[in-house]
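Q: What follows is each chain in one-letter form.
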Amino acid sequence: MQTEESDPRVIGKRLAEARKARGLTQEQAAEHLGCSRPTLIAIEKGDRQAKAEELAKLASHYGRSIHEIVRPGAQPVALVPHLRAVVEPTFAAREELNDAIGELQRFADDYRELERIIGAKPVGVHAPTVLLPKRGSLKDFAEDVATRERERLGLGTQPVLHLRRVLESELGLRVFYWNLPSSVAGMFANVADLGFCILINRKHPAERRRATLAHEYGHAVSPDRHKPGIDYLDGNGRKPQNERFAEAFGLSFLMPARGVRRKFHEITASTGDFQVADLCRLSNYYFVALQAMTLRLEELGLVGRGTWDMLKEKKLRARAAAKELGLQPRGTRTTDPYPERYKYLAVQAFQMGRISEGQLCRFLRSDRVTVRGIVAQCTSHRFVDEGGEVREQCLLFEDSLLQH
Amino acid sequence: MSETILDACCLINLYATDAFREILGGIGGSWNVVRPALAEATFLRDVSDTGEEQRRQIDLSTGVSEGVVSIVDAKSDAELGTFVELAAQLDDAEALGLAIAKHRGWRLATDDRKACRIARSIDVGVVTTPELMKAWAKAVGVGPAQIRATLSKITLHARFTPGPDFPEFKWWQKYT
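Protein sequence lines, in the order shown, are assigned to chains Z and F. Residue numbering for the first sequence follows the numbering used here, starting at 1 and increasing by one per position. Residue numbering for the second sequence follows the numbering used here, starting at 1 and increasing by one per position.
None of these hints come from the bench; they were simulated from the model. Keep in mind that the hints are not guaranteed to be accurate.
Lysine-lysine pairs mimicking BS3-like chemistry, simulated, CA-CA at most 30 Å apart [stated by the list, open to error]:
id: 1; chain 1: Z; residue 1: Lys51; chain 2: F; residue 2: Lys102
id: 2; chain 1: Z; residue 1: Lys343; chain 2: F; residue 2: Lys153
id: 3; chain 1: Z; residue 1: Lys45; chain 2: Z; residue 2: Lys13
id: 4; chain 1: F; residue 1: Lys174; chain 2: F; residue 2: Lys138
id: 5; chain 1: Z; residue 1: Lys263; chain 2: Z; residue 2: Lys323
id: 6; chain 1: F; residue 1: Lys170; chain 2: F; residue 2: Lys153
id: 7; chain 1: F; residue 1: Lys75; chain 2: Z; residue 2: Lys51
id: 8; chain 1: Z; residue 1: Lys263; chain 2: Z; residue 2: Lys314
id: 9; chain 1: Z; residue 1: Lys315; chain 2: Z; residue 2: Lys239
id: 10; chain 1: Z; residue 1: Lys343; chain 2: Z; residue 2: Lys13
id: 11; chain 1: F; residue 1: Lys75; chain 2: Z; residue 2: Lys57
id: 12; chain 1: Z; residue 1: Lys13; chain 2: Z; residue 2: Lys227
id: 13; chain 1: Z; residue 1: Lys13; chain 2: Z; residue 2: Lys57
id: 14; chain 1: Z; residue 1: Lys323; chain 2: Z; residue 2: Lys203
id: 15; chain 1: F; residue 1: Lys75; chain 2: F; residue 2: Lys138
id: 16; chain 1: Z; residue 1: Lys323; chain 2: Z; residue 2: Lys227
id: 17; chain 1: F; residue 1: Lys134; chain 2: Z; residue 2: Lys57
id: 18; chain 1: F; residue 1: Lys75; chain 2: Z; residue 2: Lys13
The task is simple: from the sequences and hints, build the whole structure.
A: What follows is the structure, given as structure tokens:
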């Protein structure tokens, strides 16, 4: 039963990563194992193969399954130390943030593992990087880049309702949703053999998540694409140029100037006014927060500066207003923790018998019965037969359509 | 008397019948489970009259305390070693159950395609949910209506339906 994962160097590296993610020193781990620090170092370096009992003890101490440590595949991606290095030194909810960083690392490892199991080639990032200007308006530059990106993706000036799907399928970005401290919007890191990975705070409302996603897209096209970063909701003081670019890019991408101006003029031409109700409808149309829509209109000079402050003072409640106007939620509001492609790769691997149901549960971060529902949802399709009856058909992913 | 290790798939399916004890008792033999499999058997699905889905917690504590199933663990270096080797290919619950079955000459109750394949490759006998249900129906002399009702509970609450490549697929289909 010897398999490629028996490579002690890979196992050692995974043990070291798991120990660091748990915040333990080599001394503490060695003490738990009842061995010397040099012995633990030898295990982590792969110079000494860990015994079964030692592996079981260490995995349990690090809160990992044995499978995670000894499964086949390449060395883990080293995200944890890089992302931890960019955490603000005074940040309060450090532990929760570290957990999320660990989760992003596990997602990245799992994605690579699924691609390996299926033999799928990693999707590269299809977004050209730009050099940030040394002179001139950064906002205008971000607007131009966002317009170019929209044109490149054939999006015109319409709202992008399925932003996550567009970024995943058209640009090859890997978007994950997980719990982050409330004051953190998201984080990103470029992973070797995988690409640009983004983690969005799933506790935030859908509109906020979209704004964060568009912001991280800005990082993906900027020169800092290769450096990891964490985006906080309220940065103190003046933000660095790359952050200001990402912010302006995200807003321009979600609410393109040409499209917003046209919609605004359509409304004012037909009613002779632009009321709070129109603002609510417009923010619903672009699937953005009321605040973001108002500030964008201010920025484009379509409403006066300070409009948002005035609305805030009047305690305008976005949800209540939307309900009163009968506005239906637009776009996708799901918070699947992983990209659609990741889910399909996992289900395909299971259908092909390459992973077990237990492994599938781990990849999909869910319990057995829920996972069975996900498999059924991914592999069945409904159609209306000639007699008008609705029928359900099970699809086998591995069936070839070329050799039919 | 035959000894069987139930993995999480079968454990959930049997629990979904609401006749866990009757089925295992009716088939006879000794039934075992490893702790990680118990931990993975967490929820069933309930569907209300309006079609709304809810999760129902699985509680096997009574079954364990009354000895319907026994909790077992690796008790030798050989079992632990095999467990770690198998864990490269299966999750911990599946690997531990299979390792114990291998060393103690027990059979494994699983519906998992990959687990079945690996079990057969190391000469461990496998039994699946449809086979267990058929064995129960035969041993106890259960009527078609009760069989139908019991199998539909597995489909509804555990979302399990055997594929055409399952042993006793035709028997199952007869009642669903």
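Q: Going straight from one Cα to the other, do Lys323 (chain Z) and Lys203 (chain Z) come out at no more than 30 Å?
A: holds (21 Å)
Q: Next pair to validate is Lys263 (chain Z) with Lys314 (chain Z); report whether the Cα-Cα distance is within 30 Å.
A: With Cα atoms ~25 Å apart, Lys263 (chain Z) and Lys314 (chain Z) stay inside 30 Å; holds.
Q: Would the pair Lys315 (chain Z) and Lys239 (chain Z) pass a check requiring their Cα atoms to be no farther apart than 30 Å?
A: holds (28 Å)
Q: Need the status of pair Lys75 (chain F), Lys13 (chain Z): alpha-carbon distance at most 30 Å?
A: At roughly 28 Å apart (the allowed maximum being 30 Å), Lys13 (chain Z) and Lys75 (chain F) satisfy the hint.
Q: Against the 30 Å threshold, does the CA-CA distance of Lys13 (chain Z) and Lys57 (chain Z) hold or violate the hint?
A: holds (16 Å)
Q: Next pair to validate is Lys323 (chain Z) with Lys227 (chain Z); report whether the Cα-Cα distance is within 30 Å.
A: Violated, at about 42 Å.
Q: Is the straight-line distance between the alpha-carbon of Lys174 (chain F) and that of Lys138 (chain F) 30 Å or less?
A: Given pair Lys174 (chain F), Lys138 (chain F) holds - Cα atoms ~15 Å apart, limit 30 Å.
Q: Straight-line Cα separation of Lys75 (chain F) and Lys138 (chain F) no greater than 30 Å?
A: Given pair Lys75 (chain F), Lys138 (chain F) is violated - Cα atoms ~35 Å apart, limit 30 Å.
Q: Quickly compare the C-alpha distance for Lys343 (chain Z) and Lys153 (chain F) to 30 Å and report which way the hint goes.
A: Holds, because 27 Å separates the two Cα atoms, which is no more than 30 Å.
Q: Would you mind confirming whether the straight-line C-alpha gap from Lys75 (chain F) to Lys51 (chain Z) stays at or under 30 Å?
A: With a Cα-Cα distance of about 15 Å, the restraint between Lys75 (chain F) and Lys51 (chain Z) holds, given a limit of 30 Å.
Q: Run the distance test for Lys45 (chain Z) versus Lys13 (chain Z): straight-line Cα separation, threshold 30 Å.
A: With a Cα-Cα distance of about 7 Å, the restraint between Lys45 (chain Z) and Lys13 (chain Z) holds, given a limit of 30 Å.
Q: Given the hint that Lys170 (chain F) pairs with Lys153 (chain F), test it: the Cα-Cα distance must not exceed 30 Å.
A: The hint holds at about 18 Å.
Of the numbered hints listed earlier, those contradicted by the structure are 15, 16 and 17.
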